[in-house]
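Undergrad: Here is how the chains run, residue by residue.
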Amino acid sequence: MTLLDFARGPAMQWALIIFLAGATFRLTGILLFGRKKPLSPARGNARLEGYKTIVSRFMPNAVFHRRIGTVHIMSLAWHMGFIFVVLFFQPHIVFFEGLLGLSWPGVANSIVMPVAGITLVLLALAFLRRINHPVLKLLSGAGDFATIIVTALPLVTGMLASAHLVLKYETMLALHLLSISLFLVWVPFSKLMHVVLFLPSRKRLGEKLGYKGVKA
Amino acid sequence: MSMDKEMQDSFAMFYGMSQSLKGLVEPVDMEDEERVRKAKQVFLNKANRDTAINLEACVRCGLCAEACQFYIASEDPKYTPIAKLDLMKRVYQRELSPFRWLHRIFTPDITIGDLREFQPKVFDECTMCGRCSMICPMGIDIAEMVHTSREAMVEAGLMPSELDYMCREQDGEGTIFGANEELLNFRLNDLKEKHGVEIFVDKPGSDVMMLTSGLDIHLFTDALLGTIRTLDHLKVNWTLCSHAFEAANFGLLAGSDKTQKHITMRIVDAATEMGVKTVLTPECGHTYPAMRWAAAEISGKPLPFEVMTVSEFFGRQVMEGKLKLKKIPGDKVVTLHDPCKVGRHGGVFDEPRAIIKELGLKLNETESNRELNFCCGGGAGNFLVQSAAPVRKLGFQTKMKEVNKTGAEALLVSCGSCRLNFEAGKLNTGDTIQVDSIAALVGENLPD
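Sequence order for the protein chains is A and B. Counting from 54, one number per residue, gives the positions in the first sequence under the numbering used here. Counting from 20, one number per residue, gives the positions in the second sequence under the numbering used here.
Keep in mind that the hints were calculated from the coordinates and are not lab data. The beta carbon of each residue, even a glycine, is placed where N, CA and C say it ideally should be. Just so you know, not all the hints are guaranteed correct.
To be verified - Not close to chain A: a few residues of chain B, all C-beta gaps over 10 Å, as computed:
id	residue
1	Q27
2	S37
3	R79
4	A102
5	S152
6	N204
7	P223
8	R285
9	E390
10	A408
11	K412
12	K445
13	D450
What the hints assert, rightly or not - Label-pair ranges, simulated between beta-carbon atoms:
id	chain 1	residue 1	chain 2	residue 2	range
14	A	T123	B	D128	35 to 41 Å
15	A	L220	B	N64	54 to 60 Å
16	A	I184	B	K41	48 to 54 Å
17	B	H262	A	K89	56 to 62 Å
18	B	E428	A	T123	35 to 41 Å
19	A	G159	B	K376	54 to 60 Å
20	B	Q27	A	K89	42 to 48 Å
All chains should be modelled from the sequences, with the hints used to inform the complete structure.
TA: This is how it looks when you write it as C-alpha cells:
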C-alpha cells in the first residue's frame, strides 16, 4: 500500500468515522442537558428572533463597525474563501461525488487558486493577530494555535499539490489527504466544532432576547 | 428639572452613606476547601443546556472586549468579558462536558487562589450589562454566566462586603438603607402635605400595587412624587403595601439566590393576597427583570398579575392616547439612557420614547441606543462597591462620550441606580449635563 493509497483509504475512512462519531457525541452530550421552560409571559416572538439571529450574526450591528469592521470582513472573507475552495475546486467535487453521489459545477483553477492563496494569507493574518493582540494573547491557548495549523495544512498542501511544487505530485496529494484527515479528526475535539455550534448558540441568544422583545 | 437644594443636600448625605458600607459586616469565616467546594457546587448545579452550548461554542475571538465599556475606555485586556468565565468553564469542562475525561488531563481544577483572583473580575469589573452578547458572533450570553459566577462567589463567602451588607439588611429588616415603613410613611406624608397628592397604603380592592425603593424614599423623591401624581391623574386604583413596598433586590444584583427569593416572594405573596392585577415597579432598573422575568420562575408557576415598570406603564398610556402631557417649551434637546436591566434585559424601549415625544422634547439618541446602549458604569450593585470605583469611572467615561456627542441639555433615565451613578460620575469628572427622571418629568407635566 502506497502512502497515497493509505491516505485515500483507511486514513480518510477512519478520519470520517472519528469526525462523525465525535461530533455527534459532543453535540448530543451538550443537547442532553436540560433547560426549564420560562413561566413569565413573553413580550416578543422568541422562536422567530432565534432563527433571525442565526442569520443576523453574520454581520455585526453598524454601531460596532468602527471597532471590529476590518476584523469582521477579514473573518468573513476567510470563511467564505475556505468554503469556496472546498466546494468548487474540481478535484474536490470529484471526491464529494465519490463520497456522496452528488456533484455540481466547479470553478476554473485560475480562480480557485488565487482565492486559496488569499484565504491562506487571511489565515496567516489571523495567526499574527492572535499572537500580537493583547486580548487574544490573554485568551489563546495551545488549542487555538493548533487549530490554525491544522486548518492551514490542507490549504498549503492542496495548493502545492495543484502547482506540482516541492514534492512529487502523488506524495503531495497524499499529504493533502492526510492533512484533511487530521482536520476532520480535530473538529470534534476543538473549537472547530463551531461550524455546528454556531447554530444552537446564536439561536438560543436570539430566543432569550426575543422572548423579552429585544432584537438580538 | 435639575436637583434642587433639598435634593442636593439629600444626595450628599445619601451618596456619603452609600459609599461607607465597606467593612460594616464581618467577612464570612469558612475553610478554603469549603469555599472551593461550594463554588464548584454552584457551577455544577446551575449548568444547563444554555451553559453547555455557550461554553462549548466560544472560538476565543476576543470581539466581546470591543463591546465592553471598560475595555473601550482602557484597552486593558483584563476586562475581556469571556475571560471572566474561566473558572466556570474549567469546572464545566472537567466535570460535565462530553469530553470531560480528556479535559481532565489538560484543565487544572479551580483553587481558592483562583476564586480570590476572579472575585473582582465578576464583581468590580463587570456590571452584567450584556452588551458583549450583542457583538459575539457566536451569540454567547456572557452576562448570564457572570451572574452564575457571582452566585458561586456568594456561596464561597466571597461577596464584596458592601453587597453582603445590603443582602443582610434585606434578609433581616427587609429594607435598604434603613428605609422602613416608618420612613416611608414620613416621606408619603411629606409629599401629601407639600404637593397635595392622594396616598393609598394597604387599600383593599386595588388594581395596581405600586412598589418604591429606599433610593426614592431617601433621595429621588421627585420620581416617587411623579409616579403618585400620574397614577392619581390617570385615576388608577392603586396602593402601596406597607409590608412589601421595597422593590430593590440586592439578591439578584449580588448573586444571592436566598436573598433574591426572599425579597421576590414577599412581593409576590403580598400582591397575590391583595388580588391586584398589576405590580408596578419603580424607576429601579434591576427590579424590573427581578419581577417581570425571574419572579415566576422563583414562584414555580405563572404570576397571577402582570408586572410593568413605571416608564412602561406611563408610556403605554401615552401610546394608547390615555395620557396627554403638557409640552415642555423651548425645543429642548434631550437624550435617553436605556437602563440595561429595563432595556437590553427587559425590552422596554418604545414606551419611554413615546413619553419624550408627548412632552414635545427633541430626542437625540446616543450612537449606541436601545439594545446596544452602554451601561451607566455602576450597574449590578457596583455603584456601592468601593473597590469598583476606578472601573466605574472608566464605564462612565465611555458612556458620557456618547452622551456629550448628542448635544443634549438633559439626560433622561428611568432607573434610580443609574441616576445616582450619573450624578456621582458628574462629581468626579466635571460633566454638567442635567440628569432627569422620566417619572418626575411626567408628573410635572400633567395637564391641568
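Undergrad: Taking the earlier hints as the rules, which of them does this structure contradict?
TA: 3, 4, 5, 9, 16 and 17
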